[in-house]
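Visitor: Listed below are the residues making up each chain.
Protein chains: 2
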Amino acid sequence: MDLFEVATPLLARGKRLRAGFLAAGWRSYGGQPMAAAEIQAGAGLELFQLAALVHDDLIDASPTRRGLASAHRQFQSLHGRNRMISDGNTFGAAGALLLGDLLLVAAESELQAALAAIPGNVNRARVVFEKMMAEVTAGQYLDIYAQSAPWSDNPDVDLDRAKRVIRAKSARYSVEHPLALGACMAGANYEEEEAIREVGSPVGEAFQLRDDVLSVFGDPKQTGKPSGDDLREGKRTVLVTLAMARASGSEAKFLKEKIGDPSLNDRDIAKIKEILVNCGALAEVESLIDARAAAATTAMERLDLDADAEAFLKTLTSAAITRVQ
Amino acid sequence: MDLFEVATPLLARGKRLRAGFLAAGWRSYGGQPMAAAEIQAGAGLELFQLAALVHDDLIDASPTRRGLASAHRQFQSLHGRNRMISDGNTFGAAGALLLGDLLLVAAESELQAALAAIPGNVNRARVVFEKMMAEVTAGQYLDIYAQSAPWSDNPDVDLDRAKRVIRAKSARYSVEHPLALGACMAGANYEEEEAIREVGSPVGEAFQLRDDVLSVFGDPKQTGKPSGDDLREGKRTVLVTLAMARASGSEAKFLKEKIGDPSLNDRDIAKIKEILVNCGALAEVESLIDARAAAATTAMERLDLDADAEAFLKTLTSAAITRVQ
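From first to last, the protein sequence lines are chains A and B. For the record, in the first sequence the residue sitting at position 160 is 160 according to this note's numbering, with numbers rising by one throughout. For the record, in the second sequence the residue sitting at position 230 is 230 according to this note's numbering, with numbers rising by one throughout.
Please keep in mind that the hints were generated in silico from the structure rather than gathered at the bench. Values in this document were obtained by computation on a predicted structure and should not be read as measured data. From the three backbone atoms N, C-alpha and C, an ideal C-beta is built for every residue, glycine too. Any given hint might turn out to be false.
Computed list of lysine-lysine pairs in DSS-like fashion (alpha-carbon distance at most 30 Å, straight line) [claimed, not checked]:
{"id": "1", "chain 1": "B", "residue 1": "258", "chain 2": "A", "residue 2": "131"}
{"id": "2", "chain 1": "A", "residue 1": "131", "chain 2": "B", "residue 2": "15"}
{"id": "3", "chain 1": "A", "residue 1": "221", "chain 2": "A", "residue 2": "258"}
{"id": "4", "chain 1": "B", "residue 1": "131", "chain 2": "B", "residue 2": "256"}
{"id": "5", "chain 1": "A", "residue 1": "15", "chain 2": "A", "residue 2": "131"}
{"id": "6", "chain 1": "A", "residue 1": "271", "chain 2": "A", "residue 2": "163"}
{"id": "7", "chain 1": "B", "residue 1": "314", "chain 2": "B", "residue 2": "253"}
{"id": "8", "chain 1": "B", "residue 1": "131", "chain 2": "A", "residue 2": "15"}
{"id": "9", "chain 1": "B", "residue 1": "258", "chain 2": "B", "residue 2": "221"}
Stretches of chain A that chain B covers, calculated by requiring three or more beta carbons in the stretch to come under 8 Å of a beta carbon on chain B [said to hold, decoys possible]:
{"id": "10", "stretch": "55-64"}
{"id": "11", "stretch": "107-117"}
This is chain A alone, in the form it adopts within the complex (with noise of 0.2 Å):
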């Protein structure tokens, strides 16, 4: 079937961030590894991801996922193959919408499967997730709404505000929220669950940051994406509010313009990164970074785990911050 066939190969080439960070916190409290309820709830965390993504690709109009053709491209594609009538744009629109409602569906059944196969009570556990899905998709929301508000002559008003969306859509969501299902799953109590998190929220942070940085810096080759494509699409990321704040009058004046354009060419991206380079806005994202890498080495430290899942924590900690894709 169409769905499944668009699907598959974009599930098969995803980084597994979040199953991992569901494993470590499962494991640190714990959880034995490769249990069924972890594979499963991390089967559950990827195809919620993937749904998400489909949509936001949609939304965005990107056309590239993964390396691959977006879905909403792939449903067009196919449109075309089959000689379909209608329009081939509107059919891939719907494909698209159709294949993430249904992924998400699907993750759903994945996690509860996962929880109905751990003993005892897992009404926290799927409390964590609950949350997580409706967080991640206002944040989504809140995303696409100050995309299309006006820039507020006050920077620190915008910085506040990328500060927010990234905070509700994807930092928490990527790393703190898989991290304290995982403990939740394992039985950990409240207390571990905040301490778990204390590790999980830095470290969130400082994956939206490289994130934001690998859009407009990283080598698409590795991203999957094209570059600057967070620059065409007009995101407030941290990096483009604080320059925005740093900059110069007339090269603020630049960013202004151009940022948000779709028709945006190699040379003004080529601009805009010189600017966010002299600025000092690339230099001070970095150093957020280094400073919230720290504070998740200080959380880490006080969880007193053993070994092996300190081990594996700090692992996917370290590529979680460091990634070049």
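Given chain A, put chain B in place with the hints provided.
Guide: Just chain B now, kept in the frame of chain A:
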């Protein structure tokens, strides 16, 4: 928050048909009327239904729903009122997409909470609604696929496809699955679940056939949707595909030309109605509805319900089939 502002009035105006059938299934096997589980699961089904409608309206570019502007139109208006930059259409579509996602997540939460409130094994009930959600989404894809496929030279092929769409997309979903879910929640065994499905299946088909008729012949003031919407969208309903098979050559040609044309005017619609009546397609659909109603009555007698439960189920069934909205 915007998302609630759009969702609440739309939610308030539903017919609560699915919640009703869920309650009928629940009460048929001994569930207490108005128990928390009945109410929460009913709320879950209604949230899921609105999620599906919000996404459907976006796919079909429908301007109205339940007598209000459809969700994407409401977000578009909000964009205008707030004098936002960026394109209003795009913002409206993104808002509706995310609202549908959020409603889907909320639906799952309510359904899970309902199951958590019931003692004993609820895995069968969980499977019912997970399958229902996946089936309706896949069915919706089948529907847009059918709409985009060229008309076949053999009307029976189209008619067969129309019947499969109706079954997957809405007949089972509107009545049969809610009934089965309520029954399983109340502890019905496998045979009992199958027996109540025998009632729900024909009622659901009759319900959907009635929907197709109302979409063309209904009073827009009552249905909350403009007359002829299905015709403009090119929906391959049983009513329309029957007419393709029964109408004379020149009439069939007129139908093929006009159905799916977004610019259909009132005169075209009047002419199409005339064809649907004169070729006998409308009468044939009405007699299909009668046959389904009779099958439901026979199946209901076999259930051997207590008087209250039977009266409740009969009232709902007749409301679903003879409704004008």
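Visitor: So if I understand the rule, the pair passes when the alpha-carbon distance is 30 Å or less; does residue 131 (chain A) with residue 15 (chain B) pass?
Guide: 28 Å, holds
Visitor: Assess, step by step, whether the Cα of residue 258 (chain B) is no farther than 30 Å from the Cα of residue 131 (chain A), and give holds or violated.
Guide: Violated, because 47 Å separates the two Cα atoms, which is more than 30 Å.
Visitor: Does the structure keep residue 221 (chain A) and residue 258 (chain A) at a Cα separation of 30 Å or less?
Guide: The hint holds at about 24 Å.
Visitor: Need the status of pair residue 131 (chain B), residue 15 (chain A): alpha-carbon distance at most 30 Å?
Guide: 28 Å, holds
Visitor: Are residue 271 (chain A) and residue 163 (chain A) close enough, with their CA atoms no more than 30 Å apart?
Guide: Cα-Cα ~25 Å, so holds.
Visitor: Can the restraint linking residue 131 (chain B) and residue 256 (chain B) be considered satisfied, given a maximum Cα separation of 30 Å?
Guide: Distance of about 35 Å is beyond 30 Å: violated.
Visitor: Checking one constraint from the list: CA of residue 258 (chain B) to CA of residue 221 (chain B), max 30 Å. Satisfied?
Guide: Given that 30 Å is the threshold and the Cα spacing comes to 24 Å, the pair holds.
Visitor: Between the stretch 107-117 of chain A and chain B, see if three or more residues pass the 8 Å beta-carbon test, and mark the coverage as holds or violated.
Guide: Holds: 4 residues of the stretch 107-117 of chain A have a Cβ under 8 Å from chain B.
Visitor: Between the stretch 55-64 of chain A and chain B, are there enough contacts, at least three residues with CB-CB distance under 8 Å, for the coverage claim to hold?
Guide: holds (count 3)
Visitor: Going straight from one Cα to the other, do residue 314 (chain B) and residue 253 (chain B) come out at no more than 30 Å?
Guide: The hint is violated at about 42 Å.
Visitor: Straight-line Cα separation of residue 15 (chain A) and residue 131 (chain A) no greater than 30 Å?
Guide: 23 Å, holds
In terms of the numbered hints stated before, the structure departs from hints 1, 4, 7, listed from lowest to highest.
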